[in-house]
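Visitor: Line order of the protein sequences matches chains A and B. Those letters in the first sequence? Residues 610 to 887, by our numbering. Those letters in the second sequence? Residues 49 to 357, by our numbering.
Please note: incorrect hints may appear among the correct ones.
Here are the simulated DSS-like cross-link-like pairs (lysine-lysine), alpha carbons at most 25 Å apart as the crow flies [to be verified]: (1) K59(B) / K711(A); (2) K95(B) / K828(A); (3) K95(B) / K306(B).
Hints were generated in silico from the structure; no laboratory data involved.
What follows is the residue order along each chain.
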Amino acid sequence: MNTIGYRIKKTILYILLVLLGVTCLLPFLLMIVNATRTGNEIATSFTLIPGHALVDNWNTVFEFFNLFKGMWNSVKVAIPATLLCLYFSALTAFALAMYKFKGNKLIFGTILVFMMIPGQLGLIGFYNLCTALHLVNSYIPLIIPAIASTGTVFFLRQYVLSSLSPSLVEAARIDGASELYIFHRIAIPIMSPGLATMGIMGFIGNWNNYLLPMIIINKNEKMTLPVMMATLKASTDINANQGAIYLSVAVSIIPILIVFSFFSKYIISSISAGAVKE
Amino acid sequence: MKKRKKSNLTKYNNMGYVFVLPFVVVFLIFNVYPVLRTLYLSFTNTKIVGVGEPDWVGFNNYVRCLTDKFFWKALWNTVKMWGVNIILQLGLAFLLMMVFSDVKYKMKGLKVFRIVYYLPNLIAATSVAFLFQTLLDWRYGTFNRIILEIYKLFGMQYNPVDWLGSGATAPYVISVIQTWMWFGNSFIMLMAGVQGISNDYFEAAAIDGAGRWTIFGKITLPLIKPIMMYVAITSLIGGLQLFDMPFLMSNASSVSYKDMQTVVMYMYKFGFTTGTTQTGYASAIAYVLFLIILTVSVIQVKLFNRKED
Chain A
610 MNTIGYRIKK TILYILLVLL GVTCLLPFLL MIVNATRTGN EIATSFTLIP GHALVDNWNT
670 VFEFFNLFKG MWNSVKVAIP ATLLCLYFSA LTAFALAMYK FKGNKLIFGT ILVFMMIPGQ
730 LGLIGFYNLC TALHLVNSYI PLIIPAIAST GTVFFLRQYV LSSLSPSLVE AARIDGASEL
790 YIFHRIAIPI MSPGLATMGI MGFIGNWNNY LLPMIIINKN EKMTLPVMMA TLKASTDINA
850 NQGAIYLSVA VSIIPILIVF SFFSKYIISS ISAGAVKE
Chain B
49 MKKRKKSNLT KYNNMGYVFV LPFVVVFLIF NVYPVLRTLY LSFTNTKIVG VGEPDWVGFN
109 NYVRCLTDKF FWKALWNTVK MWGVNIILQL GLAFLLMMVF SDVKYKMKGL KVFRIVYYLP
169 NLIAATSVAF LFQTLLDWRY GTFNRIILEI YKLFGMQYNP VDWLGSGATA PYVISVIQTW
229 MWFGNSFIML MAGVQGISND YFEAAAIDGA GRWTIFGKIT LPLIKPIMMY VAITSLIGGL
289 QLFDMPFLMS NASSVSYKDM QTVVMYMYKF GFTTGTTQTG YASAIAYVLF LIILTVSVIQ
349 VKLFNRKED
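Given only the sequences and the hints, what does the whole structure look like? Please build it.
Guide: Here is the structure:
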């Protein structure tokens, strides 16, 4: 098997794979390098050697907006939304999988239907509702709807059905455990790998969400990170200096890169799970 | 005794109602109501909600939408951007899947490669948009600068292309960026499908002396078909709702805008932009897009299932 032709072909394949990887990373590399150069340098020359303008660019960026404030706002939305999504999706999934009650099938069917409905369909009605309830510029419309996350309930229901045996629940009942106790002490630990994958994907989704927060939030001091980043469009100071734009982008993606470096395994496995389960 | 057991079980089962209650309440308020409210608005001539008394206008908004040449242009833009994107994205993911599942070459390093390929998908659309907008800037962008330096090496003149300003290139630039963001995701999904195939099949085929192309065509391909359909449908549903990237990378005053405006951007114009707000019409656009997505998904499912016979 190990002929020369085989080895050459295999090497070529590896080179192509690495080149594709470089394509994925190159824009980030250019971003990091350019974030340290002046707008003038970027416009007139190309290099991969960092420049000396990092501090100047930093000052330009933070004179225009406080990205850390945006990050903090995003944390205030993404963390409660993710936690609510996980807890209530687990509870709903547990109930749909373990109890026989009227309407169980109807709820599950409705979940399936709504999973197929594109998000933009209810957008106008959603905004109307928020105006009527005086929830514009509030985080409530960005957090509370996470309690009803159809996709997560669907995924966790399958997870409960395949990993939690009803006899375990019955045994706990005979021992006198309450239903809520069973959910907290038996179901949640069994679901935890599924919760971890859903939680990380949910967090990233919430963190990166743009359209809905843009519609709901228009006060500067309340903007989440992506919405704040979008205001760059309006800044003439920063647009005059490309180095500052690169720096803003670089700062804005640091948190998600940190999350990814810790949880990449879960993230990859959740995409795989999504593909195989459906 | 039996009766008591049954009533006990009913008691337990009644807890199901309690447990699903928070989900149901929030679902009705924030999912069901908005969708129905949008449907109602689509049959009225509401301009701005709460301002004036809207009239019921029947299907007027729908007729207007279907005869609105800007709507059709926006739909064509969306289909074009999505179409080029999905061919590149699935094509690339498919090739990678072939490479990594090849029984002859047995490529290593899947875990590292898929992390690298997936990385662009993590970044918020706003950050990606500004990154590429700046890199692709006509006069000062690093992308044109690199091409210029390469041309210079060969002693040639390069006339900088205005990638995002020209209607001839801008939509395809969006497609390529979308591909850059999403091919890793599709690849991981396809690979998950391949890895889900039992090794017994491959071993049995090897014993029967099947070649690698036969194995690919007769085992791998048919078994990952459901996943390919899933990838294609989710990408279609997402693709026809394309908004973030073209919205952020286009400029209403630029020449290329009319080639970059997608259906959701067009809806946004009437739904949420001060000065052009026509909520009733925007709602109808949302429903027409929904019906289009629904129809295409159903056709897709039918086509995929028919091939199975």
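Visitor: If a hint holds in the structure, say so; if it does not, say that too.
Guide: Outcome of the hint check:
1. K59(B) / K711(A): Given that 25 Å is the threshold and the Cα spacing comes to 13 Å, the pair holds.
2. K95(B) / K828(A): 24 Å, holds
3. K95(B) / K306(B): It holds: about 24 Å lies between the C-alpha atoms, which stays within 25 Å.
In summary, this structure violates none of the numbered hints.
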